[in-house]
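Taking the hints into account, I'd like the entire structure generated from these sequences.
The listed protein sequences derive, respectively, from chains A, B, C and D. Number 171 in our numbering belongs to position 171 of the first sequence; there are no gaps in the numbering. Counting from 1 along the second sequence, just add 1000 to a position and that's the residue number in our numbering. Counting from 1 along the third sequence, just add 2000 to a position and that's the residue number in our numbering. Counting from 1 along the fourth sequence, just add 3000 to a position and that's the residue number in our numbering.
Be aware that one or more of the hints could be misleading.
As the list claims (entries may be wrong) - With the C-beta cut set under 7 Å, the calculated list includes, among others, these residues of chain A facing chain D:
#, residue
1, Tyr21
2, Gly79
3, Ala81
4, Tyr82
5, His96
These are computed hints drawn from the structure, not numbers from a lab. Positions of the beta carbon are idealized from the N, C-alpha and C atoms, including for glycine.
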Amino acid sequence: MTLDRDALAARIARDIPYGAYVNLGIGAPTMIADHLPAELDVTLHTENGMLGMGPAAVGDAIDGDLINAGKQPVTELAGAAYFSQADSFAMMRGGHLDVCVLGAYQVSTGGDLANWHTGGADAIPAVGGAMDLAIGAKQVWVMMDLLTKDGASKLVEACSYPLTGVGCVSRVYTERAVFEVGAQGARVLDTFDVTLDELRSLTGLDLA
Amino acid sequence: MTLDRDALAARIARDIPYGAYVNLGIGAPTMIADHLPAELDVTLHTENGMLGMGPAAVGDAIDGDLINAGKQPVTELAGAAYFSQADSFAMMRGGHLDVCVLGAYQVSTGGDLANWHTGGADAIPAVGGAMDLAIGAKQVWVMMDLLTKDGASKLVEACSYPLTGVGCVSRVYTERAVFEVGAQGARVLDTFDVTLDELRSLTGLDLA
Amino acid sequence: MRSKLVPDLAAAVDGVADGSTVLIGGFGLAGQPLALIDALLDQGAADLTIVNNNAGNADFGIARLLANGRVRKVVCSFPRQSDSYVFDELYRAGKVDLEVVPQGNLAERIRAGGAGIGGFFTPTGVGTLLAEGKETRVIEGRTYVLESPIRGDVALIGAFRGDQLGNLVYRKTSRNFNPMMATAATLTIASVHEIVPVGSLDPEAVVTPGIFVDRVVAA
Amino acid sequence: MRSKLVPDLAAAVDGVADGSTVLIGGFGLAGQPLALIDALLDQGAADLTIVNNNAGNADFGIARLLANGRVRKVVCSFPRQSDSYVFDELYRAGKVDLEVVPQGNLAERIRAGGAGIGGFFTPTGVGTLLAEGKETRVIEGRTYVLESPIRGDVALIGAFRGDQLGNLVYRKTSRNFNPMMATAATLTIASVHEIVPVGSLDPEAVVTPGIFVDRVVAA
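Here it is in structure tokens:
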């Protein structure tokens, strides 16, 4: 059976190493937080200026001064720290985060990432921290559907959408398979109720 | 009568504007602090990481963690702030200090400063913050003797000692006269018991 | 003792000239100095370049400046929010210019502006549309793009507490762009929720030292 | 909960390799992690490059490393102090290399090393011996020199209080170079005067967040 979003989030959480400092991108990747057991001692970074972010805030805990990068209210864990966005992105750019998990429109087998801009003439460009996150962490992973709604592979030989970063992604998690990507090309690490031949057919890629 | 060090420090203090943020270099310039009346509301910066520095610490007030750039124990005034040296020199380099007063080996009529290195083959080069201070403040003033012990003018057409900064000094205070220096050359602003002709003779410069 | 306190919001924004570049703190609404922005609207300055992470929300703050035709250009990282319809319409009508800057580069460019740095090489954006036409350089095997400092004529800062010397602290993630912006403008104006006596802010915890701040107003 | 606490100074400096570049915090004695330096001496690492504002005082700290022949090169702004006789003698005997860097450039280069900046243009040092051979550029009418980042294999940090997550605060002017150095090394080792429970440091006042720190030892 292919994985649903929640199961995929749990699958990714299993690969996060003990004690890692992690940034979870806006959207689906935030679901990974729900699958990180306390004993994994993961510290969450939010690029708007905080380490030690806790779960989403609800009810009386909602505080407009305490939000995540998606501008949702969150909470603070013991041992947290606040800092400016210059310091926060210095932390990111300087390679101090262990893992960053991002959504994507497309990822190339070489690890190029496209997740900020559809390239449409009518689209207002808006990048936020996407390009900083793409190149900052020690490992950048993507969580996405393998296919678009039209059935086209989002894992591609070369991105057709405008790039967010070049050769920056090391792993791609989808509902059907986990891929390693990079200079050596794409390699299947894990499959969910799908054969390698089926993956080759779905992606049009010469996968190994 | 020419001014002694203390009188010269008082003279310089008179020129510091109300509310100024000021850095006083190591050595004689630190004496200026004793002549800044509280009602002038001057805030002292020390480049090792503090704004709101108070007078020298004595007796029980001495604290090894609270020192100035000359590594002398100092005190903290109400409203002080501590910061890293990256932040402290960003403050300096970014032009936020109003006045910096430094000692010098030589100053050129064009405002070049030499105050870090005698250039002697045997001298160990040691610059500290001198080059940062030289180019950072809105106004950089020099406090020095007009003449060396051998009677040579320290205000010169061109510095023979290695430079600390180029065209950075705007004013030179000496025991015999105050000079404006810069792109327009040197101009005498004030004299202490000396004539313009005598200054020309002492300095060998075509002063106006 | 000196005081940078001004009596009201009108005094806080007095003298902002047409054509100014205005750095405005905040990330979304957190730390966005809404009262100062409203005062700037009343003050009347036009033809402004606004530097902020976003391009306004709903009908308040920066969106009000936009809706009233005061903004010539927006420099930001993320103009497209669910409630940025004022900007969207003006942009699509060609009535406002946009410079999109990656968020970390934006923060670093503003820091550089305040720190007297003439430019810096950053890996962010290399190989993308946002680095097109910019100088690149390979340093120790990695490619970087040269980015320039950003300075403002005015900065509007949303702080939590402040004293009359201009020392400021922020609250939680409302800190965001405020500390860098406070360092990078000719005239820095801070609104604070609470004015506290000099000496009551911990000198170890002051985030923006008073040297960077010209005016403080309670709002 | 995770803990970066190590039981003693020997454990704190375990594994430092010969030939390492070691960033050492402090300005003179303020914030200089003397106990860690002594532990490094006992640990035995040699052929070190030391980055500090100074080049050792009297017979302790960095001066002990120098006197014991462990230092190949010193990168600093001010090697010449009244009590820097150990360095003086070695330098004059040609037994230690010296790179003198203006203090603000040194601080900024270390910050750049920790912040992933590939290089930056600074006005400090332009037209002086210390900029000789370096690339310069005129930007908006002012001349700047290009400076490169500094990173260390190891950083020795002298903090005031810390928790087991590695969060650190400093005390007064002993902060100095410590926060930048903590960000710019592969292995960051902090000595603290007091270890405090997680949650007792004010999140608004943490100067070095734990992400930058690998080991914490009380000393």
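Structure-based check of all given hints:
no.: 1; hint: Tyr21; result: holds, 5 Å
no.: 2; hint: Gly79; result: holds, 4 Å
no.: 3; hint: Ala81; result: holds, 4 Å
no.: 4; hint: Tyr82; result: holds, 5 Å
no.: 5; hint: His96; result: holds, 5 Å
Consistency note: the structure conflicts with none of the earlier hints.
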